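Chain B is already provided as a structure; the job is to place chain Z on it using the hints.
2 protein chains.
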Amino acid sequence: MATERPSRLRVFSLNCWGIRFFSQLCTQRYEMIGELLCQEQHDIALLQEVWSERDFLFLKRKLSSSHPYTHYFKSGVIGSGLAVFSRHRIQDALLYQYSLNGYPYMLRHGDWFGGKAVGLVIVDVSGLKAHVYVTHLHAEYSRAQDEYLSHRTVQSWELLQFVRHTSCGADLVVLGGDLNMHPQDLGNRLLRSHTGLRDCYTETDTFDVSTLPVTCLFSLFACPVFIGIITVCCSRQGCEDGHTLIADNHFTKKQDLVPFEKGIRIDYILMKGSQRVTMKCESLSTTKGPVADKPFPYSDHEALTAEFALLHSEDSRQRGSSDTLAVSEQMEVVAEARALVKEGLCQTEALRDKAMHLMFGALLLLLLPLAMAFLPCSCSCSFSTLGLLGAVCMVLLLSGALLYLLFTTHIKVLKETEDQMMLTSNDLQTKLTGCQLSGSSSLDGSPEIQPLSPFKREE
Amino acid sequence: MATERPSRLRVFSLNCWGIRFFSQLCTQRYEMIGELLCQEQHDIALLQEVWSERDFLFLKRKLSSSHPYTHYFKSGVIGSGLAVFSRHRIQDALLYQYSLNGYPYMLRHGDWFGGKAVGLVIVDVSGLKAHVYVTHLHAEYSRAQDEYLSHRTVQSWELLQFVRHTSCGADLVVLGGDLNMHPQDLGNRLLRSHTGLRDCYTETDTFDVSTLPVTCLFSLFACPVFIGIITVCCSRQGCEDGHTLIADNHFTKKQDLVPFEKGIRIDYILMKGSQRVTMKCESLSTTKGPVADKPFPYSDHEALTAEFALLHSEDSRQRGSSDTLAVSEQMEVVAEARALVKEGLCQTEALRDKAMHLMFGALLLLLLPLAMAFLPCSCSCSFSTLGLLGAVCMVLLLSGALLYLLFTTHIKVLKETEDQMMLTSNDLQTKLTGCQLSGSSSLDGSPEIQPLSPFKREE
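In the order they appear, the protein sequences are chains B and Z. All residue numbers for the first sequence refer to the UniProt record's numbering, where the first residue is 1 and numbers rise by one. All residue numbers for the second sequence refer to the UniProt record's numbering, where the first residue is 1 and numbers rise by one.
Isolated chain B, as found in the complex:
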């Protein structure tokens, strides 16, 4: 276990709500965010919804001394909105744009244009290799009738696969961002159970009392009399239950919170250590709407700040045992996700059928002006009328074709995700039962395979 005085790492995450000409008081809020970051000197700041590159460049100038290393991830039409500011050197960056992200014709939602993605930066934190992920998932516009649920679930799957396969070799892993999911939502459980990432809010002993020295806190916890005081302290200083969308925020639309009047927790900082480094979340804090000496909050979301202790560790037993325990939970949650993706597949197939009907309808309608053109006696329509009708049919036909292409690509993504989930299920089953015959999607026969001379893993 820990053998040395711990190093510290402070991570900040905020959805900046930076839609130029739409988000209220955008320029002033970026000024405030810049001031906060300059002043607080977090090691790493993870920002979402920095939609305008001009705003990113403003922050970059403002933070050039405090956070000299930055990366702004670009994707989609106006996205990805993801930015990282770091006090430590960024060695490398990689972007994975989610395959499903809403529909281009849903202009009033607009997520499609944002090119939602997960960005990875590899940061050298005093000799430690930190893999830091920042992400923003598709918004939830209606909890009762969430037409984007399958999209968000696929995004969660792609996020967890990306983290799983790119975090090997990291000394520490941090993920921050706006997941647009409640703590116990399927996508969130999927992410945590399959990556081993832990939620700072549930992991920390000291939510929102980060101003108190840690030694003092431990002594408080040791004495039952003071527990009440700590509770009071938490509820007074921070958002209840770690909410990041709250009614007290000047910019929050109250109807968006119904039926969660107290607030919603959709922004997260998740973390995990490695066999070399134990990562402990010593404190987590949130802003709470209004800002002292300022007329309005930083954003319509609350900001998160996590402080980690990094300890040398040679003991991997704990990790191993939790891995074993997690397998059955992983299987359950992946089965649930598969069912949801299948449902999304059926819905998308129905949409594709509708697009095909639109195409066929437009084709039939196109026959009408053609027939009228060849039968001039039966109709008094002018050439222009026929042309207009033809042009309308062509627009309908093109729209149908574009929609058909869109839904076909969505179906491909959903099928690919389902296949990957099945593969993972089978692999987990194999782990559980030790049966070497299960596995891929296509174990149809009873193969008689001559194995290579065995290499045994030393794990």
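Quick caveat, the hints were computed from the structure, so don't treat them as lab data. Bear in mind the structure is a predicted one, so any value in this text is a computation, not a measurement. Treat each hint with caution, since some may be false.
Any copy, or any two copies together, can satisfy a pair, since identical chains are not distinguished.
As the list claims (entries may be wrong) - Here are the simulated EDC-like pairs of lysine to aspartate or glutamate, each with C-alpha atoms no more than 16 angstroms apart in a straight line:
hint, residue 1, residue 2
1, Lys431, Asp124
2, Lys294, Asp185
3, Lys253, Glu140
4, Lys415, Glu147
5, Lys129, Glu53
6, Lys262, Asp205
7, Lys60, Asp419
8, Lys415, Glu53
9, Lys60, Glu147
10, Lys431, Asp92
11, Lys262, Glu53
12, Lys288, Asp185
For chain Z alone, kept in the frame of chain B given last:
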């Protein structure tokens, strides 16, 4: 160094040219490919251009005994065309669709619809963790005027980043596929220099003499007299210079080979071992157009088969020294790639400007029928004529808007790639000079940072 009798791994790669109703003799060729794979019993077969799922399912049934583990990667409208058949258990799969892949309006090329991607399967090869990649990059339709060069370079960059960041923890890494690049093309050099993957064709001592037993080969090599015989044997049995597009192939269009009459090498099997396993390519062979006892070849591409020896190894010195040597080469090649991506960026910005002009033109044209509608005296046009004109303007406006969106997303991808390349350049520079102040794209100031208590990597 190697301490045990080596295990063997045989890998097959083929671009199947499986465009239903377009590729000649598709059904018959899939029959032949299935027979070959059944008979040869490669450990892993990597197929590209299996565009139809029905053809994949045919192969899956046919190979259910010999290759019981499969994964078919799905992406784009009709893609990705990538399939893996394995004798060993596939544990997991992950897909990365390239961000740039031609243009949807280039219907006669059609790459855009293929959703070109790189697929990763993690295969348990007798206790070894093999990361096996299969990919297919954008085609080159004209070497003299290659309008897709920047797209293919971005794809190469994304491929190398994906391999770099997902291959950590693998005991062995194999990449097979149709890269659509000549051996010394920029994208190919970029891929090899930044991933450490080695080309089986240049690595193997015994190209196309795989039918001879290895022990016999070693004894032949020991005797200088027999070197001439081996050379003769190579040139007689295999494609010259490892070409995979050759004039001798029944399906190859001869004009596609000009000015490379002898053939082109665009299909590859690349590989690297790990600190635990030394991977040696013992032989590489290609098909050579016509197939014995068959009326036509397997495809318009030639198939590759590589045989690897896998040896236990504890000696990482060689790897370390080659890493150091490679840094300057990596810097050169990434600088070359950055220049090319910048050029692509300028071209795409010009295309976006054209799309904007189209939009403005259509808007101005739209004013014409509107003006005519409000000035009935000055024109004898009917309502229908105005409507037709309006509809045409709307179609032009929509087309302009769609193209504008398309090119805007392309610009985002090109900028992101350039930023990542700059980050990599700076990191390499830091490695070379040891200067801790260089690095990210945004080292603007002279920061005074208090470091954490140092963790030193033990590498």
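Status of each hint after checking the structure:
1. For a Cα distance limit of 16 angstroms, the shortest separation of Lys431 from Asp124 across copies, 13 angstroms, qualifies, whereas the shortest one inside one copy, 35 angstroms, does not.
2. With identical chains, the CA atoms of Lys294 and Asp185 are never at most 16 angstroms apart, being 35 angstroms at best within one copy and 57 angstroms at best between copies.
3. For the homomeric pair Lys253 and Glu140, the shortest alpha-carbon distance inside one copy (14 angstroms) is at most 16 angstroms, but the shortest distance between copies (52 angstroms) is not.
4. In this assembly of identical chains, Lys415 and Glu147 lie within 16 angstroms of each other by CA distance neither inside one copy nor across copies; the values are 18 angstroms within and 32 angstroms between.
5. Taking the closest pair of Cα atoms, Lys129 and Glu53 never come within 16 angstroms of each other, the shortest separation being 28 angstroms inside a single copy and 42 angstroms across copies.
6. In this homomeric assembly, Lys262 and Asp205 never come within 16 angstroms of each other (Cα to Cα): the closest approach is 22 angstroms inside a single copy and 70 angstroms across copies.
7. Taking the closest pair of Cα atoms, Lys60 and Asp419 come within 16 angstroms of each other only across two copies (15 angstroms); inside a single copy the shortest separation is 42 angstroms, beyond that limit.
8. For the identical chains of this complex, Lys415 and Glu53 are inter-copy neighbours only, at 12 angstroms across copies versus 35 angstroms inside a copy, given an alpha-carbon limit of 16 angstroms.
9. Proximity of Lys60 and Glu147 under a CA criterion of 16 angstroms is satisfied in neither setting, with 37 angstroms inside one chain copy and 35 angstroms between copies.
10. Within a single copy, Lys431 and Asp92 get their C-alpha atoms only as close as 34 angstroms, which misses the 16 angstroms cut-off; across copies the closest is 13 angstroms, which meets it.
11. Taking the shortest Cα distances, Lys262 and Glu53 never come within 16 angstroms of each other, neither inside one copy (34 angstroms) nor across copies (50 angstroms).
12. In this assembly of identical chains, Lys288 and Asp185 lie within 16 angstroms of each other by CA distance neither inside one copy nor across copies; the values are 24 angstroms within and 55 angstroms between.
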